Amino acid sequence: MRYNSRMLEIIALILILVTLLAIGWLALRLGRMDTTQSQLAQLFEDKHRAMLRDVYDALNKLGDRLGSSSSEATERLRTSVAQELQTTRDAMQSLQLAQTESLAATREQVLEKLHLTLAEQGKAEQELIQTTMRNATLQLTASIEALAKTVDGRLEQIGGKVSERLDEGFKKTNETFVSVMARLATIDEAQKKIDGLTTNMVSLQELLGDKRSRGAFGEVQLEALVRNILPPTAYAMQHSFPNGSRVDCALFLPEPTGTVGVDSKFPLENYHRMYETGIAEADRLQAQRQFKADVKKHVDDIAAKYIINGHTSDGAVMFVPAEAVFAEIHAYHPDVVDYAQKQRVWIVSPTTLMAVLNTARAVLKDVETRKQVHIIKDELGKLGKEFERFDKRMQNLATHIRQAHDDVQEVHTTSQKISRRFAQIEKVELEGDPTQMALLDDSEDK
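Letter 371 of the sequence shown, counting from 1, is numbered 371 in the working numbering, and no numbers are missing.
Some clues are possibly wrong.
[As the list claims (entries may be wrong)] SDA-like cross-link-like pairs, simulated, lysine to any residue; straight-line CA separation at most 20 Å:
(1) Lys113 x Glu101
(2) Lys297 x Arg246
(3) Lys296 x Gln286
(4) Lys292 x Ala282
(5) Lys382 x Met394
(6) Lys296 x Phe326
(7) Lys385 x Leu397
(8) Lys296 x Arg344
(9) Lys149 x Gln139
(10) Lys296 x Glu323
(11) Lys292 x Asp338
(12) Lys296 x Lys371
(13) Lys382 x Ala398
(14) Lys371 x Lys385
(15) Lys297 x Asp335
(16) Lys292 x Asp335
(17) Lys297 x Met274
(18) Lys296 x Pro256
(19) Lys377 x Asp366
(20) Lys296 x Arg214
(21) Lys296 x Ala331
Rather than coming from a laboratory, the hints here were simulated on the basis of the structure. This one's a predicted model, so the numbers in the text were calculated from it and none came from an experiment.
Whole structure, please, built from the sequences with the hints as guidance.
The following block contains the structure:
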C-alpha cells in the first residue's frame, strides 16, 4: 500500500510536470500571437507565474515529505522501467524480424503464384488467339470460296444475259432496219401527200389573199366554235344592232353582262410582209407599223359599231382566226393590247375564245339552275315529307320486328321445355316419382 501510494504520488508529480510543460508550451504559443493581444498575454503570463509559484511551493512541500523515500522509489522505478523497455525492445526486434521474414516468405509465395497465374493466363490467351485465328482463317477461306462461287455464278449469269441481250439487240436491230425501210416507204408516200398538201396550201394562201375570202373563213371558224359550245338560244350569227351595224356573232348573256358582240378580223397582208424572206429592214419595219395600224383600226371599228350604251355590254370581242397572228400581237405588240383594253375590246384567238365560250356556258347554266331553285326546293320539301313517312313506317317495322323476336324467344323457350319433357319421358324418369312430376309441371309453368 505504501509503495502504491508512492507510485501515485510519483504519477501525480509526473502529471503536474506534464501539465506545467503543456502550460509552458501554451504560453509559448500565446506569446507568438499577434501584437494586438500583448496585454492579454502579459496578464496570462502573470497568472501563469503565480500558478507556477504555487505549484513550486506545493512541490517543495511534497519533496520534503517524500524526500527520504523518493530516491529509493525512483531507483526502483528506473530499474523496472529500464527492464521493461529492454524487454519491449527485444520483443519488438523479434517481432520485426519475424514480420520481415514472414513478409519475405509471403512475397515470394505471391510472386510465385502471380508468375504461375500469368503463365497460365498467357498460355490460355495464346491458345484462344490461335483458336480464334484458325477459326477466322477457316471462315475467311469459306467466305472467299463462297464469294468465288458467287462471282463465278454471277459471271455466268451475266455472260448468259449478255449473250441474250446481244441476240435480242441483233434481233431488234434487224427489226428496226426492217421498220426503217418500211417507214422510208411510208415517208415517200407522206412526201407525195405533203407535195399535194403544199399545192393545197398554196391554193389556201391564194384564197386567203382576198379580204372577202379571209372574212368568210373567220366567220365560218367563229360559227363552228360557238355552235359546238353554246346552246342555240345563247347566240345569233349576223345579228343586227339598233344603230344599223351587223356583227358576225352576238352572245346573249345574263345581266349585268347582256349582249356581247364578237366580230372576226384577219389582218394578214402586213403580217406576211413582216416575215417575207429577202425584204429590206426598212420595209419590214414599215410593214410592222402598218400591221399595228391595221389592228388598231379594227379595234376602233369594233368599239364604235358594237358597243352601244343601254343595248349591249360595255365591251366587245375581236376574234383573230389565226393563232400565229394572235401570238404576234400579244408577244411583240403589248401597246396594241393595252390600246384595245382601253377601248374595251378583247382580242381572242380560237383557243382563248373556247375558254371564253366555256365560261359563258357555265354562267348560263348557273342562271338556269338559279331559275329552277324554287322547283328544287319544292321537290326537296316533298322528299322531306316522304322521308318522314318512311321514318314512321321504319319505326313501326322495327317495333314489329322486336315483337316478332320476343315471340320467337318465347316459342323457343316452349320448344326447349317440350324437348326436355320428351327427353325425360324417354329416360323413364317419371315412373312412380310424383316429385319429379311436380317439378316438371312447375318448370313448364315458367
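Here is how each hint holds up against the structure:
About 18 Å separates the Cα atoms of Lys113 and Glu101, which keeps this hinted pair within 20 Å; it holds. For a cut-off of 20 Å, the pair hint linking Lys297 to Arg246 stands: about 17 Å separates their Cα positions. Only pairs whose Cα atoms come within 20 Å are accepted, and Lys296 paired with Gln286 is accepted, the gap being roughly 15 Å. Taking the CA atoms of Lys292 and Ala282, the gap is near 15 Å; set against the 20 Å cutoff, the hint holds.
Taking the CA atoms of Lys382 and Met394, the gap is about 18 Å. The hint holds against a cut of 20 Å. Of the pairs offered as hints, the one joining Lys296 and Phe326 holds, with about 14 Å between alpha carbons and a cut-off of 20 Å not exceeded. Of the supplied pair hints, the one linking Lys385 and Leu397 holds, its CA atoms being roughly 18 Å apart against a limit of 20 Å. Straight-line distance between C-alpha atoms of Lys296 and Arg344 comes to about 12 Å, which keeps the hinted pair within the 20 Å bound.
Annotation: proposed proximity of Lys149 to Gln139 holds, straight-line Cα distance about 15 Å (limit 20 Å). For the hint linking Lys296 to Glu323, the alpha-carbon distance of about 18 Å falls within 20 Å, and the restraint holds. As the CA atoms of Lys292 and Asp338 are separated by approximately 12 Å, the hinted pair is consistent with the 20 Å bound. Taking the CA atoms of Lys296 and Lys371, the gap is near 41 Å; set against the 20 Å cutoff, the hint is violated.
Taking the CA atoms of Lys382 and Ala398, the gap is about 24 Å. The hint is violated against a cut of 20 Å. At most 20 Å may separate the alpha-carbon atoms for a hinted pair to count; Lys371 and Lys385 exceed this at roughly 23 Å. With a CA separation close to 14 Å, the supplied pair Lys297 and Asp335 stays within the 20 Å bound. Using a Cα cut-off of 20 Å, the hinted pair Lys292 and Asp335 holds, with the two alpha carbons roughly 9 Å apart.
Between Lys297 and Met274 the CA atoms are separated by roughly 18 Å; this keeps the pair inside 20 Å, and the hint holds. Annotation: proposed proximity of Lys296 to Pro256 is violated, straight-line Cα distance about 28 Å (limit 20 Å). For the given pair, Lys377 sits about 16 Å from Asp366 by alpha-carbon distance, which is consistent with the 20 Å threshold. Distance check on the hinted pair: Lys296 and Arg214 sit about 18 Å apart at the alpha-carbon level, within 20 Å; holds.
For a cut-off of 20 Å, the pair hint linking Lys296 to Ala331 stands: about 16 Å separates their Cα positions.
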